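**Q** As a plain string of letters, each chain reads:
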Amino acid sequence: MSIGPVNPQVLETMGQLFVSLPHCQTLGMEWVGVEGRKPTLRINWREDLVGNPASGVIHGGVITSLVDTTSAMAVTANLSDYETIATLDLRIDYLTAAKPGQPIFCSAECYRLAGQIAFTRAICYQDSIDLPIAHGVATFMRGSSRVPMVDEGGKS
Amino acid sequence: MSAFMQRFAALRDAGDCVGVIDAIPYARLMGVEFSESGEDGLLFSLPFHERNIGNTMLPALHGGLIGGFLENAALIHLMWNRDSLEAPKIVDFSLDYLRSGRAQTLYASCEITKQGKRVAHVLIEAWQEDRAQPVAVARAHFLLATG
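In the order they appear, the protein sequences are chains G and V. Using UniProt numbering, you'd call the opening residue of the first sequence number 1 and step up by one each time. Using UniProt numbering, you'd call the opening residue of the second sequence number 1 and step up by one each time.
Fair warning: there could be bad hints in the mix.
To be verified - Listed below are several chain G residues computed to face chain V (Cβ distance under 7 Å; list not exhaustive):
#, residue
1, Pro22
2, Val34
3, Asn44
4, Asp48
5, Val50
6, Gly51
7, Val57
8, Ser80
9, Glu83
10, Arg91
11, Asp93
12, Tyr94
13, Thr96
14, Ser128
15, Ile129
It should be emphasised that the hints constitute simulated quantities derived from the structure, not laboratory data. Given the structure is predicted, the values throughout are model-derived calculations rather than measurements. In this text, a Cβ means the ideal position worked out from N, Cα and C, and glycines have one as well.
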């Protein structure tokens, strides 16, 4: 039995904020749900997100944004209160090309929340999480800015 | 060889940078531009667009978007500098964020560190007002030949 978000309100507010950001809206990012402390996001295939028009495969950069956002959300699932976080580094392994015409899902977890740094890993998949198309590892700085990321619902 | 690579080669030989971006839907959506005016080859630029924001309070460019811009730059840079008409495939991409991307034009340039028979290694650097103060640095591996 997995345990839920440390503070469901923080995850809810930050999660809604993340998918509402202009760039995430541009990509059509959607929040699918959270299992334990692992959020899942989705991006539907769209012609204008393609990287190689001959194959119709989605651009790797779209996957980068999906991994970055889902990983950040996984960090917030482990926070007890609102705080600003910023990606410090990110590595993506492209395991196989994404199939055109199908949505891409990303599920992420924060496997270590240290005092100043949060460590995450993420998996992107289409048909099944057991058939990953990309794997991402990232670190985030905690308390990265004095400017809160949300202007209501919480103070950081 | 794909129709895409054939088209790319024709656009490159004509020096048609705008045509290259037009051929890559996501690069066009991001609003990428590039030219042969860089000190060391191609200079990529991403004028500020509201739709690329990832932090509305600062405001700052989305980190994922910066990654996409750099990955796209690496791929175009590599294809621009290769004779082969086989499309390189990205294997992995690693990105270090050094400063937040402000609501200004973001620039990038690339360097092919190594081009072997099967794999190429590309370094990418991104900056805004001052090249000595990079916003991000990245590196990518590309598979050159499909086996």
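**Q** Take the hints in turn and mark each one as holding or not.
**A** Status of each hint after checking the structure:
{"no.": "1", "hint": "Pro22", "in the structure": "holds (4 Å)"}
{"no.": "2", "hint": "Val34", "in the structure": "violated (20 Å)"}
{"no.": "3", "hint": "Asn44", "in the structure": "violated (14 Å)"}
{"no.": "4", "hint": "Asp48", "in the structure": "holds (5 Å)"}
{"no.": "5", "hint": "Val50", "in the structure": "holds (4 Å)"}
{"no.": "6", "hint": "Gly51", "in the structure": "holds (5 Å)"}
{"no.": "7", "hint": "Val57", "in the structure": "violated (10 Å)"}
{"no.": "8", "hint": "Ser80", "in the structure": "violated (21 Å)"}
{"no.": "9", "hint": "Glu83", "in the structure": "violated (13 Å)"}
{"no.": "10", "hint": "Arg91", "in the structure": "holds (4 Å)"}
{"no.": "11", "hint": "Asp93", "in the structure": "holds (5 Å)"}
{"no.": "12", "hint": "Tyr94", "in the structure": "holds (5 Å)"}
{"no.": "13", "hint": "Thr96", "in the structure": "violated (10 Å)"}
{"no.": "14", "hint": "Ser128", "in the structure": "violated (22 Å)"}
{"no.": "15", "hint": "Ile129", "in the structure": "violated (20 Å)"}
Hints 2, 3, 7, 8, 9, 13, 14 and 15 from the earlier list are contradicted by this structure; the remaining hints agree with it.
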